[in-house]
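Start from chain A and add chain B according to the hints.
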Amino acid sequence: MAAVAQAVASSKVAVGDTVIQANNLTKAFSESVVALENASFKIKKGDFVSLVGPSGCGKSTLLRLVAGLIKKTSGNLTVHGKEVTEPRADTGMMFQRPILLEWRTSVENVLLPSELLGKVTNEDKRRAMGFLEMVGLKDFEFTFPRQLSGGMQQRVALARLLQTGADILLLDEPFGALDEFTRERLNVELMRIVSQFKTTTLFVTHNIQEAIFLADQVHVMTPRPGRLAKIIDVPFARPREISLQLTPEFNKLVAEVRDVLGGDH
Amino acid sequence: MSAITEGDVTALTDDADSSGQRAWIITKHLILFAVLILLWELAARAGWADPLMFPAPLGIVKQIWFIYVVQQNVWFHLYTTFAEAMAGLFFGSIMGIGLATAAALSLRFREYIKPYIIVIEATPRIAVGPLFIAWLGFGFSSKVALASLVCFFGPFVNTLTGLLNVDDEAEEMFRSMRATKWQTFWGLRVPNSATILMAGLKLGCSSAFGGALVAEFISANQGMGVLMSRYTYTLNMNGAFATLLSITFFAFLLFKIADVIDYYTVYWRSDSLMQAKSKKRKAAFLKAIAQN
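Protein sequences appear in the order of chains A and B. For the first sequence, the working numbering begins at 1 and goes up steadily by one. For the second sequence, the working numbering begins at 1 and goes up steadily by one.
Next up, chain A with everything else stripped away, as it sits in the complex (with noise of 0.2 Å):
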């Protein structure tokens, strides 16, 4: 498992340098749809930041501009220093719904990324194999899609961001789809799998608690126009219980976000 570890973090940038940069970020759908206005923000190495708001605070959209699957209108954008025009092998995304293609088992599925950048080797293979056992699916390798239930495809999902290899995660609700138990163990075990790699993840929620339990920083936004409204520091050690969002501070930590979204939420 070590070297599972090591194929992921092989990033040779430290824990706390800046890896996204962005300046008076805007991206805008045409001129009355300003998606995200003038976002600027940094995010270090290792750091897991929640973006939480409302539908339409341009959550999705400024993950998909990290991503390069979009291209912004004005102001900056840099990963890993270089400006983003297209998508990039350092950064790999998870979506809402699994979208596992049917046809594939679940290593199969996991081994898309290698087959996409070549050759699938024995080591890749192994690799996958290993990424299933650490979210849990050890015994379902072989399975189809379709024989599993949507927890354990999102987590097949998250074992093929894995294989990515990419140190940049980016997450868009990912475990929205899921019951409220599935999801609150998910989140457990993307913590610590995410700390074992050192990645660095942008978290889209609309779930304030999901948002603070997770992260380091919550980016708060706002809608018409997308804006980033607050950048809130969650101080609270790791590994975190879920007892913890019983405790006063993580309740004081709830109500100041609920702050800055105003009344509705």
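Think of the hints as simulated: they come from the structure by calculation, not from any bench. Warning: the hint list may mix true and false statements.
For lysine-lysine, the following DSS-like pairs were computed, each having C-alpha atoms within a straight-line distance of at most 30 Å [claimed, not checked]:
#1 A/K71 / B/K181
#2 A/K119 / B/K280
#3 A/K198 / A/K42
#4 B/K277 / A/K125
#5 A/K125 / B/K181
#6 A/K138 / B/K280
#7 A/K138 / B/K287
#8 A/K119 / B/K181
#9 A/K138 / B/K282
#10 B/K114 / A/K119
#11 B/K181 / B/K114
#12 B/K282 / A/K125
#13 A/K42 / B/K277
#14 B/K114 / A/K125
#15 B/K181 / A/K82
Here the structure is a predicted model, which means the values were calculated and not measured.
Below, chain B without anything else, positioned relative to chain A:
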């Protein structure tokens, strides 16, 4: 342009009732069928229906025996029509799938061919039959041409729909992994269109027979269409019905073959096929990684 699907998609799924229940359902259907045939036979014998126009079932069965076993003339005609239909299906679906693939890959090509496709779609294809016969003569090729034209649309529309209707997020995922256009095409679009493409081919199967037969009706000297015309002209209704039933039977057979191919191609719809595949792939995979 919406996809054409056929109704019988559940025919081969695994979740059929238990075999005992199934046997009973089949028995009920057979009993009903037997009663209907018996009523028909009685109606013919009692003179309720004109036996000249509506021959009795027994007479039709006798005629089937006669043309297949005694006289054996039907085999030659059957071969002709079958060959025309198969060749038509082959060329029609190659053209349909080929053009649809090109249209799916290039937006510009798609826009250029669109008006022509709409015009051809609006034309009753069968009406082109006499033209084909004028151009290509009374023989084999004019029949194949009409059969091809008639079964072109099912595969074309369905392939195009299947290749274009890909989940946006799946495409985004491929892009985020920096897949090339071809990798996305082969890895996502093609397998994604398998189900609907097979439905298009199944439609093509039945239309191919129709096309070949109509071309034979218009002008030919061999084939099931010719045989049927001859029997009806001479008011040999037993013969006409026997021919019609033969055509139905063989078209159905072809459709069922396509159904089986569909079932095995799109294996991820069936639990038992997935289980078998799992086992096989597991063995191969573990063997590969054990070898270093």
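| query | Is A/K138 within 30 Å of B/K287, Cα to Cα? | reply | Answer holds: A/K138 to B/K287 is near 18 Å, not above 30 Å.
| task | Would you check the hint for B/K114 and A/K119, treating anything up to 30 Å between C-alpha atoms as holding? | result | 39 Å, violated
| said: For A/K119 and B/K181, compute the direct alpha-carbon distance and say whether it is at most 30 Å. | reply: Holds. A/K119 to B/K181 sits at ~17 Å (cutoff 30 Å).
| Is the Cα-Cα distance between A/K71 and B/K181 30 Å or less? | 19 Å, holds
| said: Would the hint linking B/K282 and A/K125 be met if the CA-CA limit is 30 Å? | reply: It holds: about 12 Å lies between the C-alpha atoms, which stays within 30 Å.
| task | For the pair supplied as a hint, A/K138 and B/K280, confirm whether the alpha-carbon distance does not exceed 30 Å. | result | 18 Å, holds
| task | Take a quick look at whether A/K42 and B/K277 sit within 30 Å of each other, Cα to Cα. | result | It is violated: about 48 Å lies between the C-alpha atoms, which goes past 30 Å.
| message | For a C-alpha distance cap of 30 Å, please report whether A/K119 and B/K280 respect it. | response | 21 Å, holds
| said: Check the hint pairing B/K277 with A/K125 against an upper bound of 30 Å on the C-alpha distance. | reply: With Cα atoms ~18 Å apart, B/K277 and A/K125 stay inside 30 Å; holds.
| said: Hinted pair, alpha-carbon criterion (30 Å max): A/K198, A/K42. Please report holds or violated. | reply: 17 Å, holds
| said: Between the alpha carbons of B/K181 and A/K82, is the straight-line distance 30 Å or under? | reply: 25 Å, holds
| query | Taking 30 Å as the top limit, are the C-alpha atoms of A/K125 and B/K181 close enough? | reply | Answer holds: A/K125 to B/K181 is near 25 Å, not above 30 Å.
Hint violations for this structure: numbers 10, 13, 14, all remaining hints satisfied.
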